[in-house]
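I would like the entire structure built from these sequences, with the hints used as guidance.
Residue numbers (the numbering used here), protein chains in the order written: chain S, 87 to 678; chain P, 87 to 678.
If you're looking for bench data, these hints aren't it; they were derived computationally from the structure.
Among the hints, a few may not be true.
No copy labels: a pair is met if it fits in one copy or bridges any two.
[To be verified] BS3-like mimics (lysine-lysine), calculated; alpha carbons at most 27 Å apart, straight line:
no.: 1; residue 1: LYS316; residue 2: LYS128
no.: 2; residue 1: LYS238; residue 2: LYS313
no.: 3; residue 1: LYS128; residue 2: LYS313
no.: 4; residue 1: LYS546; residue 2: LYS313
no.: 5; residue 1: LYS438; residue 2: LYS238
no.: 6; residue 1: LYS316; residue 2: LYS546
no.: 7; residue 1: LYS370; residue 2: LYS546
no.: 8; residue 1: LYS370; residue 2: LYS313
no.: 9; residue 1: LYS436; residue 2: LYS238
no.: 10; residue 1: LYS238; residue 2: LYS546
Protein chains: 2
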Amino acid sequence: MERRPRFTSGKEEYQFQRQGAVELLVFNFLLILTILTIWLFKNHRCRFLHETGGAMVYGLIMGLILRYATAPTDMESGTVYDCGKLAFSPSTLLINITDQVYEYKYKREISQHNISPHQGNAVLEKMTFDPEIFFNVLLPPIIFHAGYSLKKRHFFRNLGSILTYAFLGTAISCIVIGSISIYSPKENPNAFDAAAFFQSAGNFLAIFAGSFAMGSAYAVVTALLTKFTKLCEFPLLETGLLFLLSWSAFLCAEAAGLTGIVAVLFCGVTQAHYTYNNLSLDSKMRTKQLFEVMNFLAENVIFCYMGLALFTFQNHVFNALFILGAFLAIFVARACNIYPLSFLLNLGRKQKIPWNFQHVMMFSGLRGAIAFALAIRDTESQPQQMMFSTALLLVFCTVWVFGGGTTPMLAWLQIRVGVDPAEGVKQEATSQQEANSVDKSTTKTESAWLFRVWYGFDHKYLKPILTHSGPPLTTTLPEWCHPLSRLLTSPRAYGEQLKEEDAECIVSQDELALGFQEAAASALGPPATPDPKASPQAPGLDSMHEGDLGLGSYALRLESTPGQPQHGQLASPGLGSQDAPGGREPRLENVM
Amino acid sequence: MERRPRFTSGKEEYQFQRQGAVELLVFNFLLILTILTIWLFKNHRCRFLHETGGAMVYGLIMGLILRYATAPTDMESGTVYDCGKLAFSPSTLLINITDQVYEYKYKREISQHNISPHQGNAVLEKMTFDPEIFFNVLLPPIIFHAGYSLKKRHFFRNLGSILTYAFLGTAISCIVIGSISIYSPKENPNAFDAAAFFQSAGNFLAIFAGSFAMGSAYAVVTALLTKFTKLCEFPLLETGLLFLLSWSAFLCAEAAGLTGIVAVLFCGVTQAHYTYNNLSLDSKMRTKQLFEVMNFLAENVIFCYMGLALFTFQNHVFNALFILGAFLAIFVARACNIYPLSFLLNLGRKQKIPWNFQHVMMFSGLRGAIAFALAIRDTESQPQQMMFSTALLLVFCTVWVFGGGTTPMLAWLQIRVGVDPAEGVKQEATSQQEANSVDKSTTKTESAWLFRVWYGFDHKYLKPILTHSGPPLTTTLPEWCHPLSRLLTSPRAYGEQLKEEDAECIVSQDELALGFQEAAASALGPPATPDPKASPQAPGLDSMHEGDLGLGSYALRLESTPGQPQHGQLASPGLGSQDAPGGREPRLENVM
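If you want it as structure tokens, here you go:
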């Protein structure tokens, strides 16, 4: 029997080490190609293919090459050995092969049908990297960035509608998809287990609430750390801490059996809402840019890998019926989610959700990184492999067809994009007075009760506790809390308060600058009624991935405290505001 | 026989998945602690422990806890099984255990002495992560950042000395260390193999040259891509491309059998020297900050891990004699490197390397991330394990003792730090005229021949080809190259050239601004001779890790082209410069 030791000589071990570099190099190469293609597309204003779609195309081509240009390396692949004495499968196995001991690591349990002829193709094996890397390393920055760069004003303004779509909509989708796909003609379809349903709903709510609390708690700790220490003197440490604590929110939620995705999303929102205000100017820019780059790279790695996985994943199970059923199910489920809920929401909304926006919401049900990361986590059993293969095709289809079709669809439905709702209206309006009145109608939408309740609580208690801004807690908390209030209130907040008390109509630099612009604009014409249909804007349609933290542009906006008359006009003296200004109420620099 | 399946039920598989999150969480926790400690130290101006030393301390404590608070999980650990039919060790092994097939991955060949009782401790096993991650993922950003943030003016000014220490010094160290440690009394010490020595030297030079070329080539490609495309309109793509191409330099060198460390170092230097000038303002800041954060995090992960590895690495081989020998060897080798070479260099240098700087260079021979990453790559055989354990102790010792002792040492040797050599001298000087004369003496140092040759070539050919600045190639290349010259020269370079030709004494905005400051300063007093001993500054002593790219502050400096009289005074009209100004020679915004 000829002995063919592997990785024993220095040279072969060296080749083994090089493989790690080659694997990463392949991904780098794919990403470089993707970036150059994105640039080419942007430069020539091609919009028929979304950039992540491009990443998938290159991944597919590379997968095709790897699959058919490499041969299985192990001749004995597919052979099952028997080590009789073993009673269970240990995580580490020491095996004596021709008088030499080798260490083997447990990888997975496999069913017989999985022993494919490609089993031993070490190249494909190498290119299939640990799903936990997707889940624990690549996914968190994407989700966090979505939360961190969320346009919070639009988000909170439409909080009720968003929550309705998110919870009720997802529940409807789940039920519809569930009853169409996991459904089998053999079983009794009437056997609906009410107890199991409510238990699931309860579990869902408990896990959601726990994850939300975990994510917010990590953000609150970061906010307190950045508020009460002088960490802002060292922006690098500040950025590092924000990064690590936010990532820990994800990991901690996962380790605790909750869902990291929800935790890190709300961690991002909370960090942007509170911690961001405590950061040094350097860290504000640094964190924003860091997460933007990380999001960009992680997203493209995942989409490249998806393309690659179609050919390199060695245990695909394609079931035409299941795939068709899945496609059908997700469309029916989305329709059942969007249209009925929009109808219900429109009953209560002053600014209705128009039909064309409902169609876009229907159309924009894209599946991407999250679906993939969830599906690739478990691919041990055959049903799981079928799920994974189907999810992969769903992502391909929705990204290419719907992602690529978004621009024509928006044009066809006559929806303008890339404009702030208020900005868009302003551009449509012919004079500044018109814009003022529109602002008033806009603020009416903002005064939805959920928003008002939240805003009041946030302004009076959370902002003063977690940041340097807001009214001092001594003015908002009851008398007996004063020792604590004094401890928690930032000296800067007292400063702002004093300024407010000194001069009734104090005007900051920003206000003056804006006041000057508005004054110049107001010289144009008399007030006019706005055209509410001038440019309808859908709720939650702002791309979460546009990378604008949305804080800079809001710094110039002034809004009164809740309970006071809403006003969109400035309190600059000499400009003659139509509404009563906030008066002695402190004005916030960052409302959201 | 009782069957104890592992990872088969959904619940156990779920726990397996959670372990990945827990492992990352432990590192996040260590890094958060480290950051808070660094802040505390910085805040209280404690300098007895370097920040990486702190990371190691926390790693050690965590390692201690993991080692002694966790029990081996596999009861059958240490048992070697026999799978008779196998003739070699395949990369994937399918094993039938109680009628269920499990897949096992090849990990390593082990010698009998390695089968320790801790073999099966899955927790320790989990915390020991793949050495290739250190080498291919964590090390490149550290080295790249060193190159990218290198203070190039000081580097090139002392190029000769640096190369002498780097090559000749390393060679001397290698020989000394080699003859003290790999030396054994049994063998004949006179058996010096001249052929093997020259072959090694040849190999070293070939690999170095190849790696240097590879790294520079990647940077040149990046420079050309950023120069000839309008990628700067999309800073995110630009940053992504710079990041990926630079990392590819490392991976490609490794895959080609060269050394990635050298490749990525020179890639960083070249990127900073050329590509940086082509980047958009956004990308300049973004890349600088991105690499700074990545360097900071990667460095701290590695040092945390080192602390951890002392207790969690399961195959330590501590040999007191070898460890003592290694410590002795590196000190003797460094002494043989620094003192004789400094003596030789001082024979040719106008600005001598003073004794106190030589002592600091002797003292600053710290071992860190590179030594560790190299040692951990191969820990299969017993000598390799002994090397790894010894390297770990060496890093601990040098980082704690020498890293912590640096501040007292510098104070004791009366060396001021944190000042630019020229700046330092300027601060010492009592008037601006004094500073002028000092500048003249400083530029003499710069006119070392190696520097001049390089500077001329770079200014005439490389800068104009790879960036938008420098003289048009049509003026520097011979007539017959003109078609190519026109193709490669940036339109902006012609613009600069035209401006130069239009006005003989053209003054840019920067020059005017600086001129104003200098004029204000020059009103103070008459010229005076400088005190050359005012503040001696060592060559190459600028910390490579200080994170200052050093380009911003140099943008205001003007230097004449080589061959012209050196001048440190400005050519602003009306200020009356002592030296003849560069005249028609184009003035560079970034000399280095």
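Against the structure, the hints come out as follows:
{"no.": "1", "hint": "LYS316 - LYS128", "in the structure": "between (42 Å within a copy, 11 Å between copies)"}
{"no.": "2", "hint": "LYS238 - LYS313", "in the structure": "within (21 Å within a copy, 38 Å between copies)"}
{"no.": "3", "hint": "LYS128 - LYS313", "in the structure": "between (41 Å within a copy, 17 Å between copies)"}
{"no.": "4", "hint": "LYS546 - LYS313", "in the structure": "within (17 Å within a copy, 52 Å between copies)"}
{"no.": "5", "hint": "LYS438 - LYS238", "in the structure": "within (20 Å within a copy, 61 Å between copies)"}
{"no.": "6", "hint": "LYS316 - LYS546", "in the structure": "within (24 Å within a copy, 48 Å between copies)"}
{"no.": "7", "hint": "LYS370 - LYS546", "in the structure": "within (24 Å within a copy, 40 Å between copies)"}
{"no.": "8", "hint": "LYS370 - LYS313", "in the structure": "within (14 Å within a copy, 29 Å between copies)"}
{"no.": "9", "hint": "LYS436 - LYS238", "in the structure": "within (20 Å within a copy, 62 Å between copies)"}
{"no.": "10", "hint": "LYS238 - LYS546", "in the structure": "within (18 Å within a copy, 52 Å between copies)"}
Checked against the numbered hints given earlier, the structure satisfies every one of them.
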